[in-house]
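Chain B: place on chain A using the hints.
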Amino acid sequence: MVVGGRRKSIAFFIALGAGLISVILLLYVGWVLLNWHTGILVFFGILLLALVIGGVVLNTTFLVREIRRNAQHDAFINAVTHELKTPVASIRLYLETLKTRAVDDSKRREFYDIMLDDSDRLLGTIEQVLRTGRIGDTRRELHVSSIDFGAVVEECLARARRLYPVSANALAYRHGPPITLTCDAEEVRAAVSNLIDNAVKYSGSQVQVDVETASVDGKYAYVRVKDNGPGIPPAELKQIFKRFYRVPGPLATRVKGTGLGLFIVRSVAKRHGGRAWAESEGPGHGSTFVLQLPISR
Amino acid sequence: MTANSSEKILIVEDEQHLADGLRFNLEAEGYQVRAVDTGEAALDLLLPASGNGAPEAAKHAFDIIVLDVMLPGKNGFEVISELRQARHFVPTIILTARGRPEDVLEGFAAGADDYLPKPFELAILIARIRGLLRRKEWLRASAPPPEPKDSFVFGDKSIHFDLLELRVREQVYPLTVMEASVLRYLVEHEGKTVSRKTMLKDVWGLHGDTDTRAIDNFIVRLRRYLEDDATRPRHLLTVRGIGYRFIAFPPE
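Chains A and B, in that order, are what the protein sequence lines are.
Sequential numbering of the first sequence, starting at 1, is according to my numbering.
Sequential numbering of the second sequence, starting at 1, is according to my numbering.
Next comes chain B alone, as it looks inside the complex:
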């Protein structure tokens, strides 16, 4: 019917009749549909074991999720907030019999993109699915073109974020994705003090009382790469009791 075929939809719904009806209609619209009947099954599909295997592939396995709330085991709200905590941002519509205002608020607070109470109108559901997919397309279309030079040069050193490399004179150090992210964050805040807490929040996406010492290990490693004398750092300074400061051009 429509041109946007091959977009994949995951239906999480334990009522067999509804799941079958939705699948029939969405397939007629030209989408690829997969239906599961528990939140646990959905999470298994979306977040493969411990997230280290091939998370990137899994993240793009589905373009949109239609999620019921009253599921056996984990309910829909728990499923969506677990996804969001794992930094999985697939567009999600909650489709549920619970339509009280506090339910709707809870759904959005948990991280849903849209909320549709049952009974719903088929045409409206399809329009909302299209809307979310279109928003994704628009975001992609309006995204700024990637920066031609994704690197930062200071003195005789340079960081190449795209290549995950740190070059110090002739020496090339490969960086992990996380190390590159930490460096990028420090470079973006050059000259300013950044606290361990805000780094955890902005780089790792972690909140609250997570142990901040993990950062110190990163800094120790980065110092080994880019300081001439790691015991007397000139670029990556410790600000006691707070965090760190990156200085690109330290005074002689």
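Excised from the complex, chain A in its bound form:
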């Protein structure tokens, strides 16, 4: 309902802009036809007219963009609310259960594991939101150090194996040549973790994620994360890196998220003078995410 309302208001503003421009054009053309002889006035008139039309177009564009951004922000608030409250609700439910009911030993252990899972999830969301705030702050400097890129990627994979109940083969790592990278280790770790998390989350029950690292003529190092997930439509390949953006449709509601993960990846890449992008042959063919960073700064 809300979405329908927004779409309507966007359509309204575009129609208003187009309508105003055509009225002006009509008036002006009429005026020119009636007063054809005043040459210099026609010239200035055309100039002013172009200015007015430009202004209307600009105004409409900004309005539409603002409405869109508002919609995304709302979606983000909803998603974060959900991501924060759901684990708390779950932890609370299990604590109350343990407190009020007689629970046998194996059940109790199961409940503890569930609560730990939920607190990890909660912590993940909190870190993601805080990191977005930090990355958005351009004054904040990078804490640069030299790291073994391969070791960082392996660390991230080990974390993912701990977090998700997948077989060891499901998260495969192909070692490239050893690369020593000068970068902010914490940010790079967060970016790589986000890529691996996404690959696992969007794969559903059939997780097969291949990770590899390599370097391009000694200048750039990259990590490729390839999954067999649902794939990405070509039109969305760039969009998904935007802040709060989530691919519309059933997939985004099935896989919960805040719309911050890839934004963080792209921001980290930019801050290091690198690049991040996605490749996919379309829905159903899986997707590959690449994070490319300069080796020396």
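It should be emphasised that the hints constitute simulated quantities derived from the structure, not laboratory data.
Ideal placement from N, C-alpha and C gives every residue a C-beta, glycine not left out.
A hint or two may mislead.
[Unchecked claim] In silico DSS-like cross-links for lysine-lysine, where the CA-CA straight-line distance does not exceed 30 Å:
#, chain 1, residue 1, chain 2, residue 2
1, B, Lys74, B, Lys8
2, A, Lys99, A, Lys85
3, A, Lys270, A, Lys201
4, B, Lys136, B, Lys192
5, A, Lys99, B, Lys8
6, B, Lys157, B, Lys192
7, B, Lys74, A, Lys256
8, A, Lys8, A, Lys201
9, A, Lys238, A, Lys270
10, B, Lys157, A, Lys242
11, B, Lys74, A, Lys8
12, A, Lys226, A, Lys238
13, A, Lys256, A, Lys107
14, A, Lys242, A, Lys85
15, A, Lys8, A, Lys256
16, A, Lys107, B, Lys201
17, A, Lys226, A, Lys242
18, A, Lys242, A, Lys270
19, A, Lys8, A, Lys238
20, A, Lys238, B, Lys74
21, A, Lys85, B, Lys8
22, B, Lys74, A, Lys201
23, B, Lys157, A, Lys85
24, A, Lys219, A, Lys256
25, A, Lys201, A, Lys256
26, A, Lys226, A, Lys256
27, A, Lys270, A, Lys256
[To be verified] Pulled a few chain A residues facing chain B out of the computed Cβ check, cut under 10 Å:
#, residue
28, Tyr94
29, Lys107
30, Ile114
31, Asp118
32, Ser296
Same frame as chain A, now just chain B:
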């Protein structure tokens, strides 16, 4: 724990942990619990194909629904309003992370009976479930006893709503449930003009721009049963441009 066992609860929740925790607790309370993780699955359970199969059985399959809002596919608000549109009035508690006032209002507007934001207190949730079930029980207890004679006699004709029969002298015409409902409505408004629109609303529960000609077909059929001359009706009169009027004892 409690005596009210065998009452059935449907949990619609896509967060596995919450669904499992709720199921554990509600089963410990003595309820029968079924959990599904999409709104579509819930609707399939509650509204079997096209509603003609065995809707009555399905309507009573669950005594209460605990419904999440942020579900994959159809969200909880859509699920509840679809249920209500299909005249399915099972008590429903919405249990959701969305707790802003406008969300709560939307939930109630969609047809929820209760709204509980997450995180919730287990004891409160159980108390509210009990409250809704108790209200249902109380309604049943305080309902007026069924009328002994559920029929209407006029002249040499009589309508037996309980038996779904229309008797004209010796002739017995079986009525469909819908025909009986239409007749009952007309009889209740005997002598008054009822418009097609209000009939659609009160008898069929339909709103808005539904085609009103469906009613005309019913009237034509009913006239064939209860008018001596269906082309010159004396009981079921057409009021041009508005609707119909039922006259039990037409002047000679």
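Taking each numbered hint in turn, which are not upheld by the structure, reported in ascending numerical order? Hints 4, 8, 10, 16, 23, 24 and 32 are the ones this structure does not satisfy, whereas the remaining hints hold.
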